[in-house]
Amino acid sequence: MEHFFLNIAHSLIVWLMGLGLSSKGADLVLLIVQWICIVAIVTINVIVLIWLERKVAGFMQQRLGPNRLGPAGMFQTIADAIKLLTKEDIIPSAADRIIFRTAPIFFIIIAVMLYVVLPMGDGMQIVDLNVGVFYFISVASLSTICLLMAGWGSNNKWSLLGAMRSVAQMISYEIPLAFSLLGVIMIAGSLSLSDIVAAQNNIWFIILQPVAFITFFIAATAELNRGPFDMPEAEQELTAGAYTEYTGMRWALFFLAEYTNLVAVSALASTMFLGGWHGPWLPSWIWIIIKTYLVMLIFMWMKWTFPRIRMDHLMSFSWKVLIPVTLANILVTGAGIQFLAGMGW
Amino acid sequence: MSLNDAVFFLLAVITAGSALGVITSRNIVYSALLLVVTFLGVAGLYFQMNAGFIGLVQILIYGGAISVLIIFAIMLVMDVEPHRTNPPSPRLPRRLGGIYLSILLVITMGAAIWFTHWPLAVGTTGADEMAVLADLMLGKYVVAFEIAAVLLLVAIVGAIILAKGADDK
Amino acid sequence: MLGDYATIGIFLLLTILFPLAALGLAWVVRPKPLPDEEKLTTYECGVDTQGRTWVRFRVNYFLYALVFLAFDIETIFLFPWAVRFKALGLFAFVEMLVFIAILLTGLWYAWKEGALEWY
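Chains A, B and C supply the protein sequences, listed in that same order. Each residue of the first sequence is one higher than the one before, counting from 1341 in our numbering. Each residue of the second sequence is one higher than the one before, counting from 300 in our numbering. Each residue of the third sequence is one higher than the one before, counting from 2 in our numbering.
In isolation and in its complexed conformation, chain A is listed as follows (with noise of 0.2 Å):
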């Protein structure tokens, strides 16, 4: 079972070269063949997630949820799904059109990208970059300008109100982000995701890196516009933030790419401090996926419980305590480093 995907990789590798196919032909089918398993695993998991995301909100307010449409209300989601596709698409006269069509598209491009380098499993990695986890921040901070392109072409006060508070309070996130993976990047010595996996063989980082932990989270969440600090769309003053106009499918894609940043983020977050796919009897990529999932409950959790934040609270949280606690922390981890190291370890 532990290799079990990667056997079949390994067999379509060699039947492939075994019809004639170089191998770098054999590998570009091989990387055809996760990309359509990612894109599926994308789609197919935010059906599920939103579907949980509705039955625990549900559980946590006393009531049902999603309840009519298949057992426990499961193909709920799937029929929301065929709606958005069958939804007449509307592109306000006032917007601007080329980039009101075209931020959508972005968005979910950048959201797509950041499986490249998530470890999904031993060995299980499309790309084993050296700067992996620099990639991933990289590559997430792009998506700002998308949610301002949403904001500024629907020409919508709400939008674009929407779009620049988001956007403020990403890039305030971001450094806490960024400073909170350092403790652990000290520790294991590499940026590459699968060498911090390697490096949590005997102890999860989560342990060592308690605050980090804490930080990386409380930012991500911050990250993701999600509850309680989803101010940019609080759907009672701004409507629905930079979304407003946004109708069907184009829509859809910005939903889509919400919950695949969740998904990667909560990935990211069992990789870099809950062991990744370090676990005992199952596979590991079992182990992954467990782990993932109950990162993202937690998400679920916080965003149910706690009521939304105000944006200058929100904003000042960020510069005022997160940054100065990640600070401190990389400095009582480097000063720890060095005193081990000092005292022979």
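Quick caveat, the hints were computed from the structure, so don't treat them as lab data. Among the hints, a few may not be true.
As the list claims (entries may be wrong) - A short list of chain C residues far from chain B (calculated; beta carbon distances all over 12 Å):
1. V30
2. D37
3. Q51
Stated by the list, open to error - Keeping only pairs whose Cα atoms sit at most 25 Å apart, straight-line, the calculated SDA-like set for lysine to any residue is:
4. A/K1364 x C/G4
5. C/K40 x A/L1501
6. B/K439 x A/A1681
7. A/K1427 x A/G1405
8. C/K33 x A/R1437
9. C/K40 x A/A1434
10. A/K1364 x B/F307
11. C/K40 x A/R1437
12. A/K1395 x A/W1591
13. C/K87 x A/G1529
Stated by the list, open to error - Coverage of chain C stretches by chain A, computed from C-beta distances (three or more under 8 Å per stretch; other residues unrestricted):
14. 17-28
15. 65-76
All C-beta atoms, glycine included, are put in the ideal place defined by N, C-alpha and C.
Fit chains B and C to the supplied structure of chain A, relying on the hints for placement.
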């Protein structure tokens, strides 16, 4: 033409084409967004040269931070209809001056590139580029490294003073 | 074997297909009624939208972006340092302390001047 050349020309066309769009677009928001494409094209060129870390720095700093700064700056001063925010200069002497300067620049740069004897890099980059970078940064070039921090400090303080002055009026 | 960045590049080219395919599929199946003037107006709470959307924003946003840029640049210095931290030893640690201290002065100044206040 090898595949490598084809990728280079594709990236070069994207980079140069979007840079051309930045100056010809009448709408400054389009200019700013095309500038992001230029930044990403340059990052792609870095990736092609196997300078992964530099390429990612290009994406993080230029694509994710400077572009946001530029768009916020546009939002700060935007006061006319968007399609009139980036007009070409109405006066003929100015236009001619601009054309003259750009031709001069192209000739100078071209001559510099053409007549310089470029040494070909030998050896491999890759696996431990970060390590080499860190060793140089904190070893040989440590003074420059600390001065970079001072420069950033000056940038923050200067911008705050300027913005505060603008705010008081 | 394909190079790391070549693989990412091919993956990017493939990924562009994904939203295009989704939008194309939606274009095939969705109804396309004649455009309706009322439906294409800008969304507002039941009334017509007043004035321009593309107005000036406060200087605050710009200040946040600027302080963010300075710290983002600090991040790219910190990453190589963190990777080599164990090998570089105590002196590099002190050098980085000085670097962080200088930037913290900037943060303190921005804090003192109220550039981090949201209003």
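Legend entry - 25 Å Cα cutoff - pair C/K33, A/R1437: 18 Å, holds
Legend entry - chain A over the stretch 17-28 of chain C, status - at least 3 residues with CB closer than 8 Å: holds (count 9)
Inset, instruction - Verify the proposed pairing of A/K1364 with C/G4, using a straight-line Cα cut of 25 Å. - result: 10 Å, holds
Inset, instruction - Grab the minimum beta-carbon distance between C/D37 and chain B and tell me whether it stays above 12 Å. - result: 26 Å, holds
Inset, instruction - Check, residue by residue, whether the stretch 65-76 of chain C contains three or more positions whose beta-carbon lies closer than 8 Å to a beta-carbon of chain A, and give the verdict. - result: holds (count 7)
Inset, instruction - For the pair supplied as a hint, C/K40 and A/R1437, confirm whether the alpha-carbon distance does not exceed 25 Å. - result: The given pair, whose Cα atoms are some 16 Å apart, holds under the 25 Å limit.
Inset, instruction - Assess, step by step, whether the Cα of C/K87 is no farther than 25 Å from the Cα of A/G1529, and give holds or violated. - result: Given pair C/K87, A/G1529 holds - Cα atoms ~7 Å apart, limit 25 Å.
Legend entry - Pairwise hint evaluation, A/A1681 against B/K439, where the allowed Cα distance is 25 Å at most: 24 Å, holds
Legend entry - Pairwise hint evaluation, A/G1405 against A/K1427, where the allowed Cα distance is 25 Å at most: 24 Å, holds
Legend entry - Pairwise hint evaluation, A/A1434 against C/K40, where the allowed Cα distance is 25 Å at most: 12 Å, holds
Legend entry - Minimum Cβ distance from C/V30 to chain B greater than 12 Å, as the annotation requires: 31 Å, holds
Legend entry - Satisfaction of hint between A/L1501 and C/K40, Cα-Cα up to 25 Å: Given that 25 Å is the threshold and the Cα spacing comes to 22 Å, the pair holds.
Checked against the numbered hints above, the structure violates none of them.
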